[in-house]
Structure formats: structure tokens, C-alpha cells
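There are 2 protein chains.
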Amino acid sequence: MVGGEAASAGALVKARAADVAAAIDSAFDHLLSVPDDPRARLYEAMRHAAIGGGKRLRPLLVQATSDLFHLSRESALRVGLAIECIHVYSLVHDDLPAMDDDDMRRGKPTVHKAFDEATAILAGDCLHDLAFQILSDEDTHPDPFVRIELVRALALASGPAGMAGGQMMDLEAEHARFDLATVTRLQNLKTGALIAFCVDAAAIMARIPEDARKGLHGYARDIGLAFQIADDLLDVEGDAALAGKALGKDAAAGKETFVSLLGVDRARAQAHMLVDQAKAHLHGYGVEADLLRAIADYIVERDR
Amino acid sequence: MVGGEAASAGALVKARAADVAAAIDSAFDHLLSVPDDPRARLYEAMRHAAIGGGKRLRPLLVQATSDLFHLSRESALRVGLAIECIHVYSLVHDDLPAMDDDDMRRGKPTVHKAFDEATAILAGDCLHDLAFQILSDEDTHPDPFVRIELVRALALASGPAGMAGGQMMDLEAEHARFDLATVTRLQNLKTGALIAFCVDAAAIMARIPEDARKGLHGYARDIGLAFQIADDLLDVEGDAALAGKALGKDAAAGKETFVSLLGVDRARAQAHMLVDQAKAHLHGYGVEADLLRAIADYIVERDR
Numbered sequence: 002m003v004g005g006e007a008a009s010a011g012a013l014v015k016a017r018a019a020d021v022a023a024a025i026d027s028a029f030d031h032l033l034s035v036p037d038d039p040r041a042r043l044y045e046a047m048r049h050a051a052i053g054g055g056k057r058l059r060p061l062l063v064q065a066t067s068d069l070f071h072l073s074r075e076s077a078l079r080v081g082l083a084i085e086c087i088h089v090y091s092l093v094h095d096d097l098p099a100m101d102d103d104d105m106r107r108g109k110p111t112v113h114k115a116f117d118e119a120t121a122i123l124a125g126d127c128l129h130d131l132a133f134q135i136l137s138d139e140d141t142h143p144d145p146f147v148r149i150e151l152v153r154a155l156a157l158a159s160g161p162a163g164m165a166g167g168q169m170m171d172l173e174a175e176h177a178r179f180d181l182a183t184v185t186r187l188q189n190l191k192t193g194a195l196i197a198f199c200v201d202a203a204a205i206m207a208r209i210p211e212d213a214r215k216g217l218h219g220y221a222r223d224i225g226l227a228f229q230i231a232d233d234l235l236d237v238e239g240d241a242a243l244a245g246k247a248l249g250k251d252a253a254a255g256k257e258t259f260v261s262l263l264g265v266d267r268a269r270a271q272a273h274m275l276v277d278q279a280k281a282h283l284h285g286y287g288v289e290a291d292l293l294r295a296i297a298d299y300i301v302e303r304d305r
Numbered sequence: 002m003v004g005g006e007a008a009s010a011g012a013l014v015k016a017r018a019a020d021v022a023a024a025i026d027s028a029f030d031h032l033l034s035v036p037d038d039p040r041a042r043l044y045e046a047m048r049h050a051a052i053g054g055g056k057r058l059r060p061l062l063v064q065a066t067s068d069l070f071h072l073s074r075e076s077a078l079r080v081g082l083a084i085e086c087i088h089v090y091s092l093v094h095d096d097l098p099a100m101d102d103d104d105m106r107r108g109k110p111t112v113h114k115a116f117d118e119a120t121a122i123l124a125g126d127c128l129h130d131l132a133f134q135i136l137s138d139e140d141t142h143p144d145p146f147v148r149i150e151l152v153r154a155l156a157l158a159s160g161p162a163g164m165a166g167g168q169m170m171d172l173e174a175e176h177a178r179f180d181l182a183t184v185t186r187l188q189n190l191k192t193g194a195l196i197a198f199c200v201d202a203a204a205i206m207a208r209i210p211e212d213a214r215k216g217l218h219g220y221a222r223d224i225g226l227a228f229q230i231a232d233d234l235l236d237v238e239g240d241a242a243l244a245g246k247a248l249g250k251d252a253a254a255g256k257e258t259f260v261s262l263l264g265v266d267r268a269r270a271q272a273h274m275l276v277d278q279a280k281a282h283l284h285g286y287g288v289e290a291d292l293l294r295a296i297a298d299y300i301v302e303r304d305r
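For the protein sequence lines, the chains are A and B, in the order given.
According to the working numbering, the first sequence is numbered sequentially starting from 2.
According to the working numbering, the second sequence is numbered sequentially starting from 2.
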């Protein structure tokens, strides 16, 4: 990739990402107003987890894919919000002492540190429900068939055959020696399934038939893996202050990652190869796919 | 209530409840087949939590309300299965050391005891997803509008404005002194919202307009509270072996309950009054509501 291309891709992504992040924060602020009753602490914890600090890559991906099909930005935002609910709930639960035991997330204390474990478990559970509440609301899409397809696809992407199944494999990785194929499958579930849903959600809203989504699915699979390899590289080489969380934890836990299995140089080369391949899947689209192309580049260039 | 009525009500409930319980166990067994990969432990934990031992009162309520409208038993079973996923996930999370710290549930070790805390958190999360996966599937109901209404109502009943909000109030009850009105609100959220959904789900499937559901809503609210008062009475007077879990925990935690606030005798009288009131809400129905009436009686007569 030429330096100038990377710079303009970065600028394009950053401008749009800032808009999306502001819209997501504002939507969470509106949705999570704190009631004046004994549930106040629960809502405070949900706000602590959901508002501020995230890259909001997933909602941005929904917007970028929605651009391809000229979908309403409001629908794309609400679907992005639902996905962010799932992503944030998974971070809150993964950070718990019984899971990854993390104290910092997005530059702030994790929810169980700022509140307590019981509140963190419940706040995660409530964000989990909120995702489905948002998708089922007619403000998200006027067609109930589209809404139910979104619910179905998200429940699959977040459950045992998706994100949560990947997290279970990740827990087992501390006791087992996974090979490259198993680590790839783990990451396809743990982060790939939800990233794939971001792209698929726009296709569902646009009523694109399943067999016309192959390019988009290929794009999603490739950037999902590239994203994870970039994460593994940041875990080894990154700046904890920029990342807003502890780094180097996988090596300390004895878990195999793309970097431990391939080494830094081959892992980085693999990530760039996946990004090129992801963009090649978009060859049938014109300038309307430029944001998706820029996101692919950004994923391996980011510093957090 | 006449003794003979109670006996025949009990027999009617028990016969149908046994059928429903067998169907729920068999459906979970089918749905949760253990994969031959590192997620096996997650599925084993979900099976441990979901299969066997429960009263399955909620799926029975869906069946009983579905009888009123001559709905398909298959649809009622699948909705009951989704509700049971939510109920079971909440038990798994509530039993965690950071929450109620229980070792026994339904006569078996709790999930975090039989497995570990991380697996219990994830198994709960996966059952939570499974509920929405089941509701969104066209096998549950052919009409996508009905399915999305079910999703929406369940997400509301289980989230911060329902079950999880009630559980948060319950956590706060250890540090606060709640009055009767606050305990009533707590229980209307913690157990009432999901019980109300059981009844509402059948009305949604039968496309009964909102304003024609008032009797059913009154019935659900009354049996929900009666159920909780009976639970509080069992917590004080019950047999731990029959209950399959530790009893006397609320008093030990210094939490106010219906029994601590009203005393045993007034609490029992209140439960019976609520049951009579619940049945009075069904006056517009004939024999097709007999199972709902019998369930109301059973709720305060049960020994576990």
C-alpha cells in the first residue's frame, strides 16, 4: 500500500468514525437515563460500560455496508447500537475476575472495579437484552420480517455457535496447545462472527439474497481475521496507555495466538495479505465501497 | 377452597406439568447436543443447567393460556422453551458467588460448582441468546410479526425494566430497608415480569388486542405475587431436600420479604386472597380456563 493512500484512508475512516461514535454515545445516553429507584446503580453501571471510549468499529462497519445499498442512516445506527450492546456486554463479562480478570478497559476501571462483580454481571445481562429490544423495535426497520431476520442472525452470532463459543475456546486455550487451524477457528467465532453480522445486517436490511452476499461475506471474514492478528500484534508491541487496557496478557497466560504461532513478521504479512484479499472481494463495487476499503486498511494500521 | 377441589386441581396440574416437563427436557436435549470441539464443556454446562429437575411452571403457563385460544401445542412449547432459557440463565447467574452464592439448585450442584465460574457465566449468556434464537425461528410461529412481538416482549420482561432490574433491587435489599410497596415492586419485576410474559405470549400469538388482555394481565400479576409469597413462605417453613436448594437465606441476609413484613399468617392469607382474585379475572372464560385456575391454586399449595 502507498503511504498517501493509507493516510487518506485513515482520514476517511477517522472522520466518519467520529460521527458514528458521537451518535452511538448520544443514543446510549438517551436510552440509559437513570431511574430514581433502587435500580439506579444498574443503569449507572450500564452507562459506565457503554458510553465513551470505544472505537465503535462495528457500528461504523454497519454504516459503511449500508452505504452500498443506500439504506437509511438511522436504521444503520440502530443496528450498530444493538451490536455495540452485545460487544460491550461481552467485554464486561470477559473482564470479570473469573474470566480474564482485567482492571482497565477503554482507559477506565472495568465495571466490576468501578462498581462490583454482581452489578457487572447484571449490567452485562441487561445490555444483552437491550440489543434485542433495539432490533425488535419498529424504529429500527419498518418491516417485521427484516427485524426478525436481524434478531435471528445476531442471536446466532453472539451465542455458543459464535462469540460466546469463541470465548469458551479462549478459556480452554490456557490449558490446551492450539494449532493455527484451531486458533483461526477460535477467532472466527470470538470476534469474526459479530464482525460478519455487521456486514450481513446491512445485506438483510437491503434484502440482498443469500447467494449475492458471497463477496461481502468474504470481505467480513478476511477483515475479522486481520483485525484479530492486528490485536495480537498490539498485545505484543502496543502502547497500554493508548490501548486503555493491560497488554501482554495472552503470552502471560500461555495462550497461543497468531503472533506466538507465526512470529511477528509473518503475522503482520498475513494481516496485510488478508486486507488485500478483503478489498479484492469488493471488486464489483465502485466508490460507494470506498469506506469499506478504507476500514480494511485502517484495521491493520491502527495503534489501539 | 374445598379440599376436594384442591386435590383435583393438583392432579390436573401435575399430569399436564409432567407432560410439559418431559417435552422441555427432550427439546433441550435435542437443541444442546455436545459438539466434538473445545466448546464441549460449555454445552455440558448448559445441559447441566437446563435439563431435569425444574417445575417448568412457566412453560406450563404458556400451554394453559394457549389452550384458551386453541393455539398449536408446538408453538406453545417453543415459546415455553425460550422462557425457560431465560429463567435458567437467570438462575445460573444469580447462583454465582458474587450474587447469591448458592451451592445447590434443583437438587444438583449449581453450574459454577459442577464446572467453574467462567463456564457458568458463559453458559448463562448462551442460554440467554438461545431464547431469542428460538423465538426468531419460523418453527415457533409462521408470522414474522408475531415472532418479533414475542422477541420484543421477552427482551422487555427479562431486562432492566423486568427480571434483571428486580434482581438489582434484590441485591440492594441487603443494604436498604424496603417497605411493602418496594418489596412488591421488586417482586413484580424479579419474578412477575417473566410470569406475565408467559400469559402475554399466548395472547400475542392469538393476536388478541391489547385492551382485551386486561383479565389475563390481572391474572398474571396476581399469581406472580402469590407465587413469590409462597416462595417466601417455603424459604421459612419449607423442606430444603424437597426444594433442592438452601433455604432461610433471605432472613440470614437481612432482606425484607413478604413474610418478614407481614408475618407468616398474614402472608399466607394474602397469597390465598391473590389466588382467588386471579381466578376472578378469568370469569369470562369457561372450562378452557380450568388449567389456569388449577395452576393458581397449585401455586400456593406446592411444597417446593
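Think of the hints as simulated: they come from the structure by calculation, not from any bench.
It is possible that some hints are incorrect.
Because identical chains cannot be distinguished in the list, a pair is counted as satisfied if it fits within a single copy or across any two copies.
[Stated by the list, open to error] Cross-link-like lysine to any residue pairs, in silico, SDA-like; alpha carbons within 20 Å at most:
hint, residue 1, residue 2
1, 114, 98
2, 114, 173
3, 114, 100
4, 114, 222
5, 56, 9
6, 250, 68
7, 250, 146
8, 250, 177
9, 56, 266
10, 215, 22
11, 280, 98
12, 114, 52
13, 280, 103
14, 109, 236
15, 15, 180
16, 280, 303
Outcome of the hint check:
no.	hint	verdict
1	114 / 98	both (10 Å within a copy, 16 Å between copies)
2	114 / 173	between (25 Å within a copy, 18 Å between copies)
3	114 / 100	both (14 Å within a copy, 15 Å between copies)
4	114 / 222	neither (34 Å within a copy, 37 Å between copies)
5	56 / 9	within (18 Å within a copy, 61 Å between copies)
6	250 / 68	neither (37 Å within a copy, 55 Å between copies)
7	250 / 146	neither (43 Å within a copy, 46 Å between copies)
8	250 / 177	within (16 Å within a copy, 39 Å between copies)
9	56 / 266	neither (26 Å within a copy, 58 Å between copies)
10	215 / 22	neither (29 Å within a copy, 42 Å between copies)
11	280 / 98	neither (39 Å within a copy, 47 Å between copies)
12	114 / 52	within (16 Å within a copy, 34 Å between copies)
13	280 / 103	neither (35 Å within a copy, 52 Å between copies)
14	109 / 236	within (18 Å within a copy, 41 Å between copies)
15	15 / 180	neither (35 Å within a copy, 52 Å between copies)
16	280 / 303	within (17 Å within a copy, 63 Å between copies)
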